[in-house]
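The number in my numbering is simply the position in the sequence shown, starting from 1, with 59 added.
You may find that some hints are simply not true.
Unchecked claim - Here are the in silico distance ranges between beta carbons for each label pair:
(1) D259 with G223: 22 to 32 angstroms
(2) E205 with A95: 40 to 50 angstroms
(3) G190 with A95: 17 to 27 angstroms
(4) A265 with A153: 33 to 43 angstroms
Honestly, the hints are just simulated from the structure, not real lab data.
This structure is a prediction, so every number in the text was calculated from the model and none was measured.
For every residue, glycine included, the Cβ atom is placed at its ideal position computed from N, Cα and C.
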Amino acid sequence: MKVAVLVLDGAFDSGVSGVLDVLHSANALGPRLAGATPPRFDVRTVGVRRRVRTGLGHRVDTESAAEAEDADLVVVPALMERHPDGLLEVVGSAAHRSARRLLAEARERRTPLATSCTGTFLLAEAGVLDGLRATTSWWLAPVFRERYPRVTVDESRMVTTSDGVTTAGAAFSHLDLALAIVRMRSPALADLVRRYLVVDDRASQAAYTIPSALARHDPLVSAFEEWVRPPGHSGSANARSSAP
Numbered sequence: 060m061k062v063a064v065l066v067l068d069g070a071f072d073s074g075v076s077g078v079l080d081v082l083h084s085a086n087a088l089g090p091r092l093a094g095a096t097p098p099r100f101d102v103r104t105v106g107v108r109r110r111v112r113t114g115l116g117h118r119v120d121t122e123s124a125a126e127a128e129d130a131d132l133v134v135v136p137a138l139m140e141r142h143p144d145g146l147l148e149v150v151g152s153a154a155h156r157s158a159r160r161l162l163a164e165a166r167e168r169r170t171p172l173a174t175s176c177t178g179t180f181l182l183a184e185a186g187v188l189d190g191l192r193a194t195t196s197w198w199l200a201p202v203f204r205e206r207y208p209r210v211t212v213d214e215s216r217m218v219t220t221s222d223g224v225t226t227a228g229a230a231f232s233h234l235d236l237a238l239a240i241v242r243m244r245s246p247a248l249a250d251l252v253r254r255y256l257v258v259d260d261r262a263s264q265a266a267y268t269i270p271s272a273l274a275r276h277d278p279l280v281s282a283f284e285e286w287v288r289p290p291g292h293s294g295s296a297n298a299r300s301s302a303p
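Whenever a hint applies, use it, and build me the whole structure from the sequences.
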């Protein structure tokens, strides 16, 4: 399986390393599977520029983006942008025009795509998620939903696949994403890698959600919180007694 990992300027460092570490660990651990021919992952780090800088300033030398043209899967690590307004500006910027075009062309070829966290915004900006289900970081879901109404987003999911496009949740779900890629070829190998790397099997982001953080970005949630916590009142009992 030829996997092209598309690393862009400003990439989330652990997003890059997490995907690479899991896939290379799968190659190393594959021979330990009994009674089965393990899959092999031919992993190429590619870019629209031959040298990129991660969000923390580390240099990554990449192969030509042309390597993605015959890939079996294109993976896009997240971008290190934590502010919603800044993220929308980045994914729609001229700096990432080539990346958006590459992703759109890959989708036209029906090449499977995968990303996590803020990378889901880049795929949506390229138009490849229209009509599909996706997930992203739980705290970015309200912004995502407003910006990309043609995408059905489920922020409770850790990983979801829709018509060949796999998306995952918040930053460290890059590990869940990479394990899902391995699981597509061999569930037994994915379980072996998970055990050796001591990665929990997590199906949902729901346990990590902070309602007050969502309220800052979701007018409906914010209005509900104002209703149950009216000015001048505190505590759940007071909030309930003052409700109409």
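These are the hints, each one checked on the structure:
1. D259 with G223: 22 to 32 angstroms: Holds, at about 26 angstroms.
2. E205 with A95: 40 to 50 angstroms: Because 46 angstroms falls inside the window, the suggested range holds.
3. G190 with A95: 17 to 27 angstroms: For A95 against G190, whose Cβ atoms are near 36 angstroms apart, the range 17 to 27 angstroms is violated.
4. A265 with A153: 33 to 43 angstroms: holds, 37 angstroms
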